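Asks: Below are the chains, spelled out letter by letter.
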Amino acid sequence: MTTATLKTGIQPISTGRRVKDRVVQVLVYLAFLVAVVPLVSVLYLVIKNGLARFDMEFLTHSMRNIGPNDAGGGAYHAIVGTLEQVLLASLIAVPIGLLTAVYLVEYSRGGRLARAISFFVDVMTGIPSVVAGLFILAFWILVLGFEFSGFAGAMALSILMMPTVVRATEEMLRLVPMDLREAAFALGVPKWRTIVKVVLPTALTGIVTGVMLAVARVAGETAPVLLTVFFTDSINTDPFHGPQMDLPLFIFSQMQLPNQTAIDRAWAGALTLILIVMLLNLLARLISWWRSPVRKG
Amino acid sequence: MAKQIEVAELDAYYGSHKAIEGITMTVEPRSVTAFIGPSGCGKSTFLRTLNRMHEVIPGATVQGKVRLEDQDLYGPDVDPVSVRRTIGMVFQRPNPFPTMSIFDNVAAGLRLNGRFSKSELNGVVEESLKGANLWNEVKDRLHKPGSGLSGGQQQRLCIARAIAVRPQVLLMDEPCSALDPISTLAIEDLISKLKTEYTIVIVTHNMQQAARVSDRTAFFNLAAQGQPGKLIEMAETSKIFTNPTEKATEDYITGRFG
Ligand SMILES: Nc1ncnc2c1ncn2[C@@H]1O[C@H](COP(=O)(O)OP(=O)(O)OP(=O)(O)O)[C@@H](O)[C@H]1O
Ligand SMILES: [Mg+2]
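Line by line, the protein sequences are chains A and B. Note that my numbering has the first sequence beginning at 1, numbered continuously upward. Note that my numbering has the second sequence beginning at 1001, numbered continuously upward.
Calculated directly from the structure, the hints in this document are not laboratory data. What you are looking at is a predicted structure, and each value in this text was computed from that prediction instead of being measured. Note that beta-carbon positions come from the ideal geometry of N, C-alpha and C, so glycine has one too. Don't take each hint at face value.
[Stated by the list, open to error] Residues on chain A that point at chain B, a partial pick, calculated with CB under 7 Å: (1) R109; (2) D179; (3) A183; (4) F185; (5) A186; (6) G188; (7) V189; (8) P190; (9) R193; (10) K197; (11) V198; (12) L200; (13) T202; (14) G206.
Please model the complete structure; the sequences and the hints are all you need to start from.
Replies: Written out as structure tokens, the structure is:
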């Protein structure tokens, strides 16, 4: 019979452990570098090439009446389109996603319906963006006969946003301790008010982060927008009628042209897109900071 | 304000597991009743059946009767939310709302249930914090987060929050188990003060505490692991601690237990 024994007593750190510690440390730093290199180089390239045309004219003019070889022009129509489409998509996806997550975490008690919903949310996470675009194209535009519009694009984008919002919110709601719900119940607060006034505010920061991830993801989508919003060189501020533009489409169309002025416009468009996503992120963080107890403290 | 609670033949289940069985007792108004007994004998479970918090847990059910004076708490058309508003609860672990300031925590029960003017709320918050012996320590930082207080202060904040809605009964599940002796004394003083206005039930593992604060004591026990917990005996605290009727009670309080 053998017995397991541990070496006891206070001893110096063995050489083997010292070496292992060093090796793992080096590996972790390497992995970090490998992850950061592409990120920094992308940012560097976009800023370096984008600044050439990142000017007032670019931000305030459209491409109307600008020929393939002309200089000038801008992305105003695309910026307006991106902002409107992403806003509409969020207006559709965030309430539905939030309510779904609230149902799953607070009300379902793990029933059959909840498992079915969870399953379909997982399936939705895997939908390629072009399929979401094709679906809206086939259903909304071809079958129901509506025209290309920013709203059609927003619907396609909201299909892509919804699973991200549901999953992020669900995880955040599950992190809220049961103690807090019970504290509210014990004060005689009805369940729905407990959710609205205690559970959701406690999870707010995490939910905002999840929504911003979803926004950032769809703001860069090209294919579903091309299929549903179509394409235009002119300013169209009405997202419900007629083709619009958005920044990924703008970049896509400009970089196909074989001259430097168009390529510069594409880079400036990429810079604008990154800035918009960063600004939205900052705004969301400000909002959740504004509501957080840290500020009050 | 304070009311009597009568319990008759009460069983509570978690799914199909029967956690407590056949409990019958009367909790007197304007007094402190202590629940003692070994871990797992169903003290918390029983306490939570008194304000319908038990059924909040998925699969948990209750059979039997609980009456608050002349009202049946488990009657078919009784709103559990109104029961919880009438019978307040303080939990073992302090659980202030982390997103709210000290003021908002105390005002939460009122604010979440209706509309009140700022001055009404100011009055209630001050009164409740004074009632919980916390006012002097926090009056200069009412608008700082409640989670920034010490454990003992947080527990008194939770008591202030519970008494701010003016319940008729206050249930406390081991309110001092996470606290140092000084905070424990502060809360025991508070309990003695509150019993002039409220009916108080306190679960405790601390015999001295039960002896110090309570007027009546109920001893719970379970026959064996996996069996439902039962009420062994209930009497004046002095009697339970000096001259208990049951052998099991005597063994438990003298520490000659299991
Ligand atoms: N949420 C739950 N789900 C299932 N069973 C539970 C749950 N809570 C408690 N129980 C069971 O019910 C029985 C009584 O538990 P309870 O928490 O009421 O004991 P207690 O007397 O308060 O113990 P302690 O003194 O350790 O707090 C135990 O057997 C426990 O395992
Ligand atoms: Mg307990």
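Asks: Each hint should be assessed against the structure and marked as holding or not.
Replies: Each hint tested on the structure:
1. R109: Hint holds; R109(A) Cβ to chain B Cβ min 5 Å, cut 7 Å.
2. D179: holds, 4 Å
3. A183: Holds, because the Cβ-Cβ distance from A183(A) to chain B comes to roughly 5 Å (cut-off 7 Å).
4. F185: The hint holds - F185(A) has a Cβ within 7 Å of chain B, the shortest such distance being about 6 Å.
5. A186: Holds, about 4 Å.
6. G188: holds, 3 Å
7. V189: Holds - the Cβ of V189(A) comes within 7 Å of chain B, reaching about 4 Å at its closest.
8. P190: At about 5 Å, which falls below the 7 Å cut-off, the nearest Cβ of chain B leaves the hint on P190(A) intact, so it holds.
9. R193: holds, 5 Å
10. K197: holds, 5 Å
11. V198: holds, 6 Å
12. L200: Not OK, violated: L200(A) not within 7 Å of chain B, min 10 Å.
13. T202: T202(A) check passes; min Cβ-Cβ to chain B is 5 Å, inside 7 Å.
14. G206: Violated: closest Cβ of chain B sits about 12 Å from G206(A), beyond 7 Å.
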